[in-house]
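Just so you know, the protein sequences line up as chains A, B, C, D and E, in that order. In terms of my numbering, the first sequence opens at residue 1 and continues consecutively. In terms of my numbering, the second sequence opens at residue 1 and continues consecutively. In terms of my numbering, the third sequence opens at residue 1 and continues consecutively. In terms of my numbering, the fourth sequence opens at residue 1 and continues consecutively. In terms of my numbering, the fifth sequence opens at residue 1 and continues consecutively.
These are computed hints drawn from the structure, not numbers from a lab. On a predicted model such as this, the values are computed, not experimentally measured, just so you know. There's no promise every hint is true.
As the list makes no split between identical chains, a pair holds if one copy fits it or if it spans any two.
Simulated pairs of lysine to aspartate or glutamate, EDC-like, Cα-Cα distance not exceeding 16 Å [stated by the list, open to error]:
#	residue 1	residue 2
1	95	52
2	5	52
3	5	88
4	5	70
5	23	83
6	5	45
7	95	83
8	5	99
9	23	33
10	23	99
11	5	83
12	95	70
13	95	45
14	23	45
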Amino acid sequence: MQIAKVRGTVVSTHKDPSLTGVKFLLVQFVDEEGRLLPSYEVAADSVGAGVDEWVLVSRGSAARQVLRSEQRPVDAAVVAIIDTVSVDNRSLYSKRDQDR
Amino acid sequence: MQIAKVRGTVVSTHKDPSLTGVKFLLVQFVDEEGRLLPSYEVAADSVGAGVDEWVLVSRGSAARQVLRSEQRPVDAAVVAIIDTVSVDNRSLYSKRDQDR
Amino acid sequence: MQIAKVRGTVVSTHKDPSLTGVKFLLVQFVDEEGRLLPSYEVAADSVGAGVDEWVLVSRGSAARQVLRSEQRPVDAAVVAIIDTVSVDNRSLYSKRDQDR
Amino acid sequence: MQIAKVRGTVVSTHKDPSLTGVKFLLVQFVDEEGRLLPSYEVAADSVGAGVDEWVLVSRGSAARQVLRSEQRPVDAAVVAIIDTVSVDNRSLYSKRDQDR
Amino acid sequence: MQIAKVRGTVVSTHKDPSLTGVKFLLVQFVDEEGRLLPSYEVAADSVGAGVDEWVLVSRGSAARQVLRSEQRPVDAAVVAIIDTVSVDNRSLYSKRDQDR
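If we strip away everything but chain A, and leave its shape as in the complex, we get:
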């Protein structure tokens, strides 16, 4: 999985019928030092993530393991809202600090 920050949304009315009701988030990847990378993904959201939150994104066939997505043509999904990231025993990110 990659760490990403929710940046926005993508809306479509004309799409594969199986995608009806799926929320698409535009998430931008974050590197191992917490900086935004010039690389993003449009991911199906099933955990209710909001703008600016850090999330875990699964890509490939893993994205279809999310409940009710088994037969949807999605190749990326937000699978978790991150509470904390620790690297070398130091805190890189904490949702609690972010929410203050």
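Given chain A, work out where chains B, C, D and E should sit, using these hints.
Positioned in the frame of chain A, the structure of chains B, C, D and E alone reads:
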């Protein structure tokens, strides 16, 4: 999924038999600020996207989740025509503006 | 799928038994302006493509959707010989011109 | 598989229900000369790897072949703790030396 | 598939139980002109490849199509030992010349 702009078409008569009737679009990827990237995909189209429209492209096994593509050797599909893309609560793209 | 130009062949006698009889083409990727990229793939051929032809290459599990490849350990396949590529309503490639 | 060094952990309470109990390690990739690369993965751990250990990381659908992960939306897993890496008959890494 | 040169081995005793008995080769990728690339893979070997040989490497779910690997968490496998590579009708590599 990645955001891409439809740029053209690819035509082939001599191909895997299962690909008969599949329309191939050449789509060029767009970055998170709306600029064209030097990277493209030839994607099977099932939503009737036209040149210059922005679309969502699914890659990998997800492309075979589109109806009737289950056993086709395709690794990319246009799965949605995009209406709007919003980043940081600003509009990055709106099909309505584009269509004027 | 990616557009690629057939550049050569790879031959192996000592291989996974399921690969007996499979023809391996070395294909080099082409960018959206028709230039060769410094990136290639060795792809199983089932459409009879020849050197210098432009082809569509499918990668990942899609390569195993080709008839009789379902259980072969191949991750790339030539799935179509390209007739024409059009970008922005201009012709980027035409097999007929190439064959003259 | 890629060689990676365990750098830290990612914690999430709000996630896909199937991910309950899964430990997420932040692992940073190592190149063929043993140097850290600017690229990481958040991988599900089932072998009990600890910070600073070198591990093998499998990505894609392979990550779901780990026991009890078959239906989890994970696209990366730590599948082995590395004892030794040898390149050109020289030792690149030895866990025993590292543990001293 | 990608062309790679066998450079070394990776040994692990503490790993996913299904990986017992699997030999891991460190293979370094080769470009379309025969030069080593700064990119490698640790691949399961089932064809008995040796150091310095050129091989074909399959990645992704294809790696699990090798006999007895169907349920192993491997995402790369050596599937063939290469005899010859020809590009533009010239020989890029010949195992026979190499073995002299």
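Q. With identical chains treated as interchangeable, where does the CA-CA distance between residue 23 and residue 83 reach 16 Å or less: within a copy, between copies, both, or neither?
A. Classified as between: cross-chain Cα gap 13 Å, same-chain 22 Å, threshold 16 Å.
Q: Go through the copies and call it for residue 95 and residue 45: within, between, both or neither, with a Cα cutoff of 16 Å.
A: neither (18 Å within a copy, 23 Å between copies)
Q) How would you classify residue 5 and residue 45 at a CA-CA limit of 16 Å: within, between, both, or neither? A) Only inside one copy: residue 5 and residue 45 sit 13 Å apart there, 23 Å across copies, limit 16 Å.
Q) How do residue 95 and residue 83 come out at 16 Å by Cα distance, when the copy is not named: within, between, both, or neither? A) Close inside one copy (5 Å), not across copies (31 Å); limit 16 Å.
Q: Pop the pair residue 5 and residue 88 into one bin, within, between, both or neither, using alpha-carbon distances up to 16 Å.
A: between (21 Å within a copy, 11 Å between copies)
**Q.** Copy assignment of residue 23 with residue 45, given that the CA separation must stay at most 16 Å
**A.** Classified as within; 6 Å inside a copy, 21 Å across copies.
Q: Since the copies are identical, ignore which copy is meant and state whether residue 95 and residue 70 lie within 16 Å (CA to CA) inside a copy, between copies, both or neither.
A: Neither: 30 Å inside a chain and 29 Å across chains, both beyond 16 Å.
Q) From the Cα coordinates, with 16 Å as the cut-off, is the pair residue 5 and residue 83 best called within, between, both, or neither? A) within (13 Å within a copy, 22 Å between copies)
**Q.** Intra/inter-copy verdict for residue 5 and residue 99 if alpha-carbon distance must be at most 16 Å
**A.** within (14 Å within a copy, 31 Å between copies)
Q: Measure nothing new, just compare the shortest in-copy and cross-copy C-alpha distances for residue 5 and residue 70 to 16 Å and report within, between, both or neither.
A: Neither. Shortest intra-copy (25 Å) and inter-copy (27 Å) distances fail the 16 Å Cα cut-off.
Q: First find the shortest C-alpha distance between residue 23 and residue 99 inside one copy, then the shortest across copies, and answer within, between, both or neither for a cut-off of 16 Å.
A: neither (23 Å within a copy, 24 Å between copies)
(Q) I want to check one pair: residue 95 and residue 52. Are their C-alpha atoms no more than 16 Å apart within a copy, between two copies, both, or neither? (A) Answer is within; shortest intra-copy Cα gap is 10 Å, inter-copy 25 Å.
Checked against the numbered hints listed earlier, the structure breaks hints 4, 9, 10, 12 and 13; every other hint is satisfied.
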